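Asker: Protein sequence lines correspond, in order, to chains Z and D. Taking the working numbering, the leading residue of the first sequence gets 401, the next gets one more, and so forth. Taking the working numbering, the leading residue of the second sequence gets 28, the next gets one more, and so forth.
Since the hints were derived computationally from the structure, they do not count as laboratory data. A few of these clues could be false.
As the list claims (entries may be wrong) - If you want a taste of the chain Z side facing chain D, the calculated C-beta under 7 Å gives, among others: (1) Gln468; (2) Ser472; (3) Thr521; (4) Glu522; (5) Asp525; (6) Ala526; (7) Val529; (8) Thr532; (9) Pro534.
Treat the numbers as computed from the prediction; the structure is a model and nothing was measured. Don't be surprised by glycine CBs; every beta carbon is placed ideally from N, CA and C.
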Amino acid sequence: MNQQSIKLKRFLGETGELSRFVGRYFIQGGRPRFELRELVRQCYIIGVNSFPLVGLTGFIMGLVLTMQLRPSLVQYGVESQLPVMVGIAIVREVGPVITALIFAGKIASSMGAELGSMKVTEQIDAMEVSGTNPFKYLVVTRVTASTLMLPLLVILGDGISLFGAFIGVNIRSTTSFDLFFRQIIDNFRFGDVIPAFIKTFFFGFAVGVIGSYKGYNSSKGTEGVGRAANSAVVMSSILIFILDLIVVQITDLLGLN
Amino acid sequence: MPHNQTYDIMTQKPPPSREAVITIEHLCKRFGSNIVLDDFNLTVGKEENIVILGKSGVGKSVLIKCIIGLLRPDSGTILVFGKNIPDMDHDELDRIRAKVGFLFQSNALYDSMTVRANLEFPLRRHWIEMSQQEMDSLVMEVLDNVGLAHTVDMMPEELSGGMRKRIALARTLILKPEIILYDEPTTGLDPVTGREISALIVDIQKKYHSASIIISHDMHCVKKTSDRVAILINGKCYAEGKYDALQKSPDPQIRQFFE
């Protein structure tokens, strides 16, 4: 068997395993007993701890995007459209994707490393002998928390990003806070906001699933833990772009663009 | 000597007065083409400490993980309190696990939790009806039993290797198990701490009247803790008997462990 065949076989094998993992999430997640206390704890850890990073990057992104767009708009004499352009770019695409990528870098790696080291040190087995279903306690809660928290972080990140854009606009000209946001909101359509919001649930789910999958199935040893953390970030980042591409195609087909 | 028969050495079965709490019959477990356990048989009596002796990688840990239901055997029966582990569903397994403690080789303390939270975890997860005050006093009682009451609010990373082992043992004891499975309890510890842990295992058996299976290579621990020793070779229970009797055996396969 040549190298290509081995790689293809490994890829298909991993895809199958990942599909089973997702299936197990839905089957076990739907059955009582529900780990609500741990879910709330994970929502707090995932959501609150990610907020400063998401907020900071969102602010810089909004500011820089505005400053970069201005010269082109000035050249075509449509500088007045700057808030609308930046607003739509942030809400439709840049906000969700950049926030999801930052989220993947922080959350998928920590999930991969945490669950990987728990596996290596037999903590997952210890949970099982303590009357706990470790898949439910560790995986279902993390994936659900990640799915619920990313959309919230995107909303907050978009808000901060738009504030950064407002400051960016005011560096070279003067626009009131009220006028800036009214101009953006008046130009928003259903297709700008809703598909962009819905796709963040899928991004959050992908980050949670990949981070948990890589950690939960990491091979023994510290090298395995490192590899789990690293591949969780790479794989979830790629998956975010693939999902984004699919969502754009679907919204285009539905005439929402 | 044929390897498919248990070596016939004196007092190999639990004394008749001891009711069997674990009975393993014809247990087989393989990983791919690697046969780990092959027609393994063993009986553990009530309040009996039995040590499983064998070279590294022969399947000693696999055996106790099959007993607690962490691994599923390919064939054979594992009767714990008369119920066959491989036939049990999750709920039945959880009920049995509340009576069977497991001390992991790596201690498996939850490193994101304090010592107190580590000890309370099995109580909360097994839905044991208990007020917070009762839980606190039970936590302090088991910590006292292992001599580490002052560590109750510390994190596992702040403890030495020997202390972690004791805390792991305290967590195992908190449900007052009738059977305790020890996976290499003295591995990785210095000889002095290893001896302390061996003495603690004996004290625990006296205090809790528990039966134990102890996996160990440490001959001091084996001698100190065992009522009976079973030797695992080629996936089978090759020989079993009292420590002194096995030590005097002329069989080179047995003697290699005692030299």
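Asker: Now look at each hint and say whether the structure bears it out.
Answerer: To see whether the hints hold, each was checked on the structure:
For Gln468/Z, the shortest C-beta to C-beta distance to chain D is roughly 42 Å, which exceeds 7 Å, and the interface hint is violated. Checking Ser472/Z against chain D: minimum C-beta separation of about 49 Å lies over 7 Å; hint violated. Because the closest C-beta pair between Thr521/Z and chain D is about 5 Å apart, less than 7 Å, the hint holds. A least Cβ separation of about 4 Å between Glu522/Z and chain D falls short of the 7 Å threshold, and the interface hint therefore holds.
About 5 Å separates the beta-carbon of Asp525/Z from the nearest beta-carbon of chain D, less than 7 Å, and the hint is met. Using the Cβ-Cβ criterion of 7 Å, the hint placing Ala526/Z at the interface with chain D is satisfied: the shortest such distance is roughly 4 Å. Interface restraint check for Val529/Z: the shortest CB-CB distance to chain D comes to about 5 Å, inside 7 Å, so the restraint holds. Satisfaction of the interface hint for Thr532/Z is found here, the shortest Cβ-Cβ separation to chain D being roughly 5 Å, below the 7 Å cut-off.
Annotation: interface hint on Pro534/Z violated; nearest CB of chain D at approximately 11 Å, more than 7 Å.
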